[in-house]
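With these hints in hand, go ahead and build the complete structure from the sequences.
Protein chains in written order, with our numbering: chain A, 1 to 519; chain B, 1 to 324.
Listed next, the in silico DSSO-like pairs over lysine-lysine satisfying Cα-Cα at most 30 angstroms (straight line):
(1) B/K63 with A/K434
(2) A/K27 with A/K499
(3) A/K135 with A/K117
(4) B/K63 with A/K117
(5) A/K400 with B/K63
(6) B/K63 with A/K178
(7) A/K292 with A/K349
(8) A/K169 with A/K99
Simulated from the structure, these hints should not be mistaken for laboratory data.
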Amino acid sequence: MQRTMLFATTLAAGVLAAGLALAQTPKSGGTVNVVIQPEPPGLMLGLIQNGPTQMVAGNIYESLLRYDEKLQPQPSLAESWTVSDDGTVYTFKLHDNVKWHDGEPFSADDVVFSVDKFLRQTNARLRVSLEHVAKIEALDKDTVRFTLKQPFGPFLGIFEGGTMPIVPKHIYEGTDYKTNPANNTPIGTGPFKFDKWEKGSYIHLVKNQDYYLEGKPYIDEIYWHVIPDAASRAVAFETGKVDVLPGGSVENFDVPRLTGLPNTCVTEKGWEYFSPLAWLWLNNREGPLAKKEVRQAVMYALDRDFGKEVIWNGFGAVPTGPMTSALRFYTDDVKKYPHDVDKAKALLKEAGYDGTPIRLLPLPYGETWRRWAEATRQNLIDAGFNVEMQATDVPGWNQKLADWDYDMAFTYLYQYGDPALGVARSYLSTNIAKGSQWNNVEGYSNPRVDELFEKGATAFPDSKRQEIYTEVQQQLVEDVPVAWLLELKFPTIMSCDVKDLITTAIGVNDGFRDAWLDR
Amino acid sequence: MRLLRFIARRLVKGVFVLLAIVVLNFGLIRAAPGDPAQVMAGEAGAADEMFIQQLRERFGLDKPLYEQLAIYVGGILTLDLGYSYRQQMPVSQLIFDRLPATLLLTGTAFFISLLLGVLLGALAAARAGSWTDSAITIFALIFYATPLFWVALMAILLFSVTLGWLPAFGIETVGAGESGLAGVLDLLEHLVLPATTLGLFFMAVYARMTRASMLEVAQLDYVKTARAKGLPPGRVTRAHVLRNALLPVLTLAGIQAGQIVGGAVLTETVFAWPGIGRLMFDALLQRDYNLLLGIFFVSSAMVILFNLITDLLYRVVDPRIEVG
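As structure tokens, then:
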């Protein structure tokens, strides 16, 4: 007996369609201009997983699933799927009329090749999740079956386009993936085809006329403009040269001015899957921050509401702990750290902090982050810390974190919708290793937390996982391995003519499939 | 014959200087923290030691430094600037692709600044102490002292946002697909703001230098003699004062010309001009060693070349100067 999700999917699609019909009927045609920042290093999504690459190529390549803002899986290349009762066998039924952009037919073999061969080799993050998979088989040309070694709670969450893009087997099989010349002319199954990349200027995508969803996409062409200066990007929008400023493309202090322009719409949505969380790495290994009391004092010293309201113009939310509120299994039933300078001072005294200088590493991502670092430093000084700012550029920041050469450092990381995918990696003691800034950089080690995270990943069903993750959140918030600052929200600013752009949990990254222009 | 020997000697010397620059740049870049493998891993949002190690091996960064240097210099000697792993393209092609945009921008700025700068400087000198002189001096001082990016932003604010006369960014109206005359006009329209902004600083420098130099030359005995001979004042200014006053201007122009190929990082960034300056800036932030070294190589070769041309031009302007 298989628990079917087909019904739920059909129902969701029906509700969605009804909603659209109630709203407006999409119009076909038109050109949309979008900012892309920085210029992506390449567009082969299977090889390069950086943000700008995903934003452009997410409209060229597709995965089996998409996610709505509640992170519920939706059909993409897979039109339906079933999960066995024990949570170890996932069977996907693919759309049967899909073609690659070069006209070749798409089939289940492409999926098996992409996941089992290509991505296993090229995508470090997916590789970790695939360790739970025993085998991947094409049952027929439209059916793929994943068999897991044991239940893996977040499994249905790893089919996002940037994480698991399906790449063409007929182009890549038997070649050196990284040097295949086809990387410069990406071939996907998505709603838009690659047309031209004028390096340093723009990337041009055109409508895929053979797209398998009737009538989609609606828009004829997308131009992604490369504009390296934040102020110039704001001007480009102001003067009507671009229609969409994806999240993070302008400095925060420009947001109120731009959203005040006529016919301008803004949304915080479209980041639910990534749910970026900003925090301060605290070096747990040595120096004053090795003591829990000192780390707790940091939490009390920080005026995180100020950071949200002033530095980030009210966008985002103050986090309660290691998980953002958008994440599955989030709880706010944890110890709270309000802004309390006296408490911070008392804790520092108790810990015997002697004024040893603490090196603070800002994140070199522009003016907003620089201001935030200054405000944070001031907060810490007010509570009695002795803080020195150490500015670097991005490669220098990477290196210092990878070498653990810091006391406190700003960062933000994606959480990928599930604690097993995006949270555990920062706290597991097995994840302490130099050379990476996405593992347990702070050097926190707690056997109980290790055990809980390990159980949480494979527990079944979800109610069990909730129990485990509630405890883990409570424990981490007590220990303060890092100082959580803000659930980041990067507002997408766009002309109100652009409709239905942000309809999924990854927003602009796969949004142009459904978007249309009301002109 | 003597001239040819001079040129040959300078060229040989230039090659050694260039090699020294290559070695020095190589060392300096490696001294900066971070490497391209880490940057690329960083953008992927996840990495393990194996992933970074794979990248390092691909870039040849796992080899000892002297071996990497030897490989690089060996490449340079055969005019192979290497491969940019980040951009997945040969460095020479990347530079070559961006060269036209940069030459257009910096070349236009160069001529605007040289022409207007010398003209304004000469005018100010000819009317020293007058209102015209004061106005030109103030104008020159302002643009000499104001940071380029600020001037650029103000120009955008005025001419693009407020007045809506000129485009704020890019080299062409993307998607318009204009060709022929319309295409050229579109290009020129996009060129006006960046070229003028970039030209203003050097224009100010030329104006100030021409003025000062002309006033100094005007006090010299041979100028007095020319005037005493009864030559018309215009001819004295043009043939006797200006020509001799141009030597320092020429030196500076040589330096500016050498930078033409290097591009203009700030201007290209603010105006989203797809030139070499930005390519270099991005390469720096990404620690794209080969690309960065390649751009440095080409631009230092240009500086050396233009120094040589400047030296030769000295002779034209002032025949008393001998080469060799």
